[in-house]
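Relying on the hints, combine the two individually framed chains into one complex.
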Amino acid sequence: MDISFNIGGEAGQGIDTIGDLLTQVFVQAGFYTFTIKDFESRIRGGYNFTQIRVSDRPVHTSVDQIDMIIALSRDAVVNQRERLADGGVIIFDDSVEFDDLEACHYPAPLEKIAKEVGGDARMMNAAALGAVLSILNFPFALAQEALTGIFERKGEKIVASNVNVAKTLYDKTKENFTGTCKYNLETLESGPSKDKLLITGNRALALGAIAANLKWISSYPMSPSTSLFQDVISYSQQFKIGALQTEDEISSLAMAIGASYAGARSMVTTSGGGFSLMVEALGFAAMAEVPVVIYNAQRPGPSTGLPTRTEQADLLFMGFASQGEFPRIMLAPKDPLESFDVATRAFNLAEKYQVPVMILGDQYLADSVMNVPRIDVSTITVDRGKLAKPGSNPEYKRYLFIDDGVSPRAFPGDEGKTVVSAGNVHREDGHITEDANIRNLMVQKFMNKIPKILADLNPPQLYGDKTAETTLMTWGSTWGAANEAVEILAGRGKSINQLHFCDIFPLRTEKLRDVFSKSKRVIAVEQNVTSQFAALARMETGLGVSQHINKYDGRAMTPGWIIGKLKEAGIV
Amino acid sequence: MIIPEMLEGPQKVTWCTGCGNFGILAALKKAIIELDEPLHNIVLTSGIGCSSKIPHYVGGINSLHTLHGRPIPFATGVHLANTDLKVIVHTGDGDCLAEGLGHFIHAARRNVNLAVLIHNNGVNGLTKGQYSPSAPRGYISNTSPPPPGAPMDPVNPTALAIIAGATYVARGFSGDQKGLVVLMKEAITHEGFAVVDILQPCVTWNRQLTWKYYNEHTYSLQENGHDVTNRFQAMEKAMENGDRYPVGVFYRSSSPHLAAGLALPEKGNLKNHTNDLKDVQKIIDDLML
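Going down the list, the protein sequences come from chains A and B. In terms of numbering that gives the first Met the number 0, the first sequence opens at residue 0 and continues consecutively. In terms of numbering that gives the first Met the number 0, the second sequence opens at residue 0 and continues consecutively.
Next up, chain B with everything else stripped away, as it sits in the complex (with noise of 0.2 Å):
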């Protein structure tokens, strides 16, 4: 059995006062001691920007923060060495729409079975404050032409991951611990690309999309009747991208994922696999004249 001080952070929490990824960060431990997996399968792989400090502020936890953009092939490697693991990305707006987006759209296309968490509040926190892939038409920040702001729409992730091929497809909100532990949960259970689209303001950064703002435009799915095993509805609801913000899980299938089609160990993991050196030796011997 996990308990939560197995989970006490190593390190003092730097995000800001009141920060969106405090509900996210409570809501992961709740989501990994309701699941009691044991904590040395687990793996927290992060990208860079604040969403991607959480692997320092959950303790007795595997991970791998590495690059901007790049959680997504990093956990890929980490999850075909070993598809023992559970390996869970936090990823940001920032880190996985922009300069990660192409890897985003393929894992989904390959239904790689991990789940990935974006932390999405719509704007580059940790560079204080530009705006993001996900940041609306018209948002103003200091990188952002004046007027008009940004002068394009923002990137769909939902609705991107359902076309792509994802199999499991939800948003969550930080300000929603329940709905939002059962999301992780199934995300991180689905065998297959899973995607939770997690809203989550920036305090001091975003004026336009705050607790209040969210608080007052989304509404549940579930609770409005969704077929969730209908793609086209599914792309329907994820198409509602504006003033009024779906909350809950938008698509879900089932379809081989992509460990399925390698050719990777019957039984274990390629860790503890070895090549036999009488078969290289043959094929040697075989390619002599």
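Okay, chain A solo, but in the shape it has when bound (with noise of 0.2 Å):
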């Protein structure tokens, strides 16, 4: 079973919480989904819509295909018309006015059932539900067992309603509709999937960050980094998390930076334009040695660009940004469950190693949402890297040389020592200094880290056939079109695989060399218009891929964008 669903509508219709309500069904009747929402940057009307893709496999993923359509909209009933697959069904509510009617389409009574069985138009979520769950011939009791597990913390009543709405609608329809659906879930019992855990990247970022004992976080709202700092404001009191939004994205690298100084583990959320004002204080954390994490949330650019939708197109940016030249690590998670991953390892490298951490996400990673397992934090451990022993110490000097260029940190408020840094080229103990002979030291003191770092960092994984003709090259968030198309193609005799990134800067190389030299051509695909990160594999290892895919439309890459992209090539 493989069904992509599409609710589309105005802004501020609902389409949200008609896409929660699907979603949370599929998960507790145990199927994987995967949902991403593509939406334009307004408040009310427009068109928007929500894509969610239910699976008996693990999903990461959405596809061009779509087997149901739930239109709140007259512009949602035509302009997703030409991605109905054969046998598809589109439904609207009957008050939108619409007249070409073909087999596929369906107009039901939604709003009307929800608000005279419901007393509420807001519960034409549950019948749009009803209407989906019916013409797939879904088993009524699983949706109500789901139903009732959805709405029980709300009480008896808002279940019973729900239930009543969803029911109404899915005995009218199966009275009704018409059509066809070459979907026919009857004997359905419930699905493989134990992953009850749905989760999109920020929040996972954001949970992660609070794992990792994030103290402090100020930040700019901008779109589509937005919900992870609302996130952690939401939390801050029940863990004491300072936070503060800011005059600009300049005040928020600076105010973090500040806190690191004395003592808090720190991060800013922003997406590329918000980066943009920040790249002095990078250059000042890096200069100063003070650990922070960055997160940037990519949208298209340059300027406003796109902003709502999404592309990988900052990575050269981020990792040259500001005067200088100085360690940094880059970051990339390809997926909610990464994300987690990433933002706790983000801080531990962070302090470990004194330097600025980036997070690279963007539109893709930030908004969509897939159903994981539960994530145990217990085994969460923070690395504060190195600190100077307790007690008093007049000989403390915060940039002491030492073979790793790591110096124990001291805070202000210890008690015997003094902490003092600069922007400037300074001495071991933090006063500035011109001297020729010490800013030679102080600059190959940043660059004795980058081998450990390179070390503490993961390599990328290889996904498919080791020794396949073809690989493709993919970095973040692009992993789950590239893997599905990889399998595809595998299952149709094709011989190729993927090389993966997470941990793109700086780069480990040993196995990008073993994968070009094993595989006749290297395929970079990426979701921008140079092939960035390809552009940074040939800086540091001298080799070129082959050819290049790239999207830079906005819109979510496809494993059948990918494999077209192929064919065209005659790759496949």
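Check before you lean on any hint, since a few could be wrong.
[Claimed, not checked] Anything over 12 Å on all C-beta distances counts as not near chain B; from chain A, calculated:
id	residue
1	11
2	16
3	54
4	81
5	118
6	160
7	163
8	174
9	307
10	489
11	516
12	517
13	529
14	553
[Unchecked claim] Subject to a maximum C-alpha distance of 30 Å in a straight line, what follows is the list of computed BS3-like cross-link-like pairs (lysine-lysine):
id	chain 1	residue 1	chain 2	residue 2
15	B	177	B	11
16	A	153	B	281
17	A	193	B	281
18	A	351	A	444
19	A	451	A	465
20	A	351	B	266
21	A	193	B	177
22	B	277	A	153
23	A	510	A	566
24	B	277	A	239
25	A	465	A	385
26	B	85	A	351
27	A	153	A	239
28	A	351	B	277
29	A	239	B	266
30	B	281	A	239
31	B	85	B	184
32	A	385	B	277
33	A	351	A	510
34	B	281	B	266
None of these hints come from the bench; they were simulated from the model. Positions of the beta carbon are idealized from the N, C-alpha and C atoms, including for glycine.
And the structure:
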């Protein structure tokens, strides 16, 4: 079973609540789900959709074909028609003015029944659910069980009204729906999935950061990063996390660095435009060796670009932002589950090496929802890196020259130590200098960190046949689409595998060289126009990819799209 | 007890002979000695410019010498991460009133508990004499349009601070040591956003705002019966920007400062606080269907 739903309408019409309900029902019933949000930068109106894929196998990407559309506006009835699979159905409220009815169209009294039976137009989501499940022949008993689970916290009455509304539409649809649907789930029992944690990339990052003992966050709202900031704030009272919405991103990162200098684990969240403003403070964090975590949920640029859409085009900008040369770490999680892990690692890496750590997400990662296994936090460790011995030490030097470049940290307020930091070139004691010899030693101190950082970072993962002729090279959130494309093609007997990077800077090159030597052709698959990761790989190894596949329209990559591009290029 | 030797500068001062900053440095040391706060609890932050080199001329004190215009946000982070610290910002007019003006206004609005000491000389000294945001209209420098000199009015830091919500606003003069020490001590101990606009001649570049000029054009607010609790009177005095410069406290009030409005630990500071993993696990488990 592999069904894709598309719920479309205007902003503010409740697309999300219908989507959430549908997802929850299938997760409760034991299925894997993957949801993406496609929306415009506006508060009301327009045309937005949520696309939910439900499968009895784990899924990490959306697909091009849609089996069922739930349309809340005329635009939504029309816009995705060409993506409707054969035997697919478009359900819409019978109040929507649309007359060009085809066999796939099913106008249903969603709002009417919500009001009549549930007493509240907002129960349209239960109504829509009833219609959908009826068309799929999904056993209502399973739906009832799921609805009870979802609404039981709100009391019996709410459970009963929702079940009634859903059941009414379920029965009515049995009578009225005259079309056909290619799925018949009549004999469905429960699915194989035990994964009951529904989570977005941003929420997983927020929880990972809190688990990693985040104590300070300062940000300025910017799509698509904002939900992470909001999540942390919603938990800030419970955990005592200092959080402030600042006047701009310049201030955000400056404050976070100040808080980290004073000993608090700190982060900022932003998108590319906000990161542009943070660049001078990034250089300061590097020069003063203050650990800090920067999250960039990328969106298409330059400038305002497409504010609510996705791209991976800030990689080289972040890798080389700021004047001067210094070590930094960049991590790009592939999905919500890996996001949690990346967040906890980011803080430890930042403090172990006293460098800025940047997490590169994008709108696709930030907003996509999937159900994952329960995350167990008991194994999380907080490694604060080298700290100065407690007690008085008038000789303490914050920037002591030391072989591995990492000098023990102390904090203002520590009795008997003076902690001096500056953005100028400084001596071991932190006071500024223009001495040429000290300048050289300080730069070498920075660079001496890199070998240890590299050894601490994870190598890339090779998926599929190790000896395949063709390799798709990916990084970050495009993993899912490429991974499924490889799976499909390998299933058709094609010799293809995938080399995927989460830890992207500094770049570990052993496996990269190995794969380049074995593979007949390496193809960069990136959500940008210039194949930035491939450029980085060439810069670090001298090895170039044979071909590029690039998507830069701001929309999610799909396995079908990748396969299409490979076909166009005559590769498969 | 703090003795002057403890504060002996780690570095040789690079300011010009006769610079107004010397008076500020001397007053700062005196204020620190008289306050007798444990030195490890003091943090000097600064931006960029002659003023902002001051952390390197005071020994035994924590410091964070930051970016041009940005010392206030950095200092805000230091303060909120550890509210036991006394965080002092040294900044210049070029620093605070040009690139940093937005941060200055917002920090005042938040009433964040910092003491901001503006070394104000009307000129960008370290970059060799361009007109600063506090240069008078008509000020001639190597970047002001010739003629008529700076074709705009200066920024008025004290009036802006009062309007924006600062709860302690004063003006000092580098040539009035006694008065300046008192103002610095008050600013450092004040609970809230405290600003001291310190007049300090740049002897190398500024031929207009000189020692002689300030000696002749300053007068004491407190000796002339000013009511520091009256915000409108304070504004009126702060608007006297030109021929005569009032010196002393313009405005003082009390209102909750930023830290009181954030989710900080009731005891201790963020540095030593730990998020309980059991609570994180509970959130995750509650999110599960």
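Here's how the hints hold up against the structure:
no., hint, verdict
1, 11, "25 Å, holds"
2, 16, "16 Å, holds"
3, 54, "17 Å, holds"
4, 81, "34 Å, holds"
5, 118, "26 Å, holds"
6, 160, "20 Å, holds"
7, 163, "22 Å, holds"
8, 174, "31 Å, holds"
9, 307, "24 Å, holds"
10, 489, "33 Å, holds"
11, 516, "42 Å, holds"
12, 517, "40 Å, holds"
13, 529, "31 Å, holds"
14, 553, "29 Å, holds"
15, 177(B) <-> 11(B), "25 Å, holds"
16, 153(A) <-> 281(B), "20 Å, holds"
17, 193(A) <-> 281(B), "18 Å, holds"
18, 351(A) <-> 444(A), "14 Å, holds"
19, 451(A) <-> 465(A), "28 Å, holds"
20, 351(A) <-> 266(B), "27 Å, holds"
21, 193(A) <-> 177(B), "74 Å, violated"
22, 277(B) <-> 153(A), "25 Å, holds"
23, 510(A) <-> 566(A), "27 Å, holds"
24, 277(B) <-> 239(A), "15 Å, holds"
25, 465(A) <-> 385(A), "40 Å, violated"
26, 85(B) <-> 351(A), "28 Å, holds"
27, 153(A) <-> 239(A), "29 Å, holds"
28, 351(A) <-> 277(B), "25 Å, holds"
29, 239(A) <-> 266(B), "11 Å, holds"
30, 281(B) <-> 239(A), "16 Å, holds"
31, 85(B) <-> 184(B), "11 Å, holds"
32, 385(A) <-> 277(B), "26 Å, holds"
33, 351(A) <-> 510(A), "25 Å, holds"
34, 281(B) <-> 266(B), "24 Å, holds"
Checked against the numbered hints given earlier, this structure breaks hints 21, 25; the rest are met.
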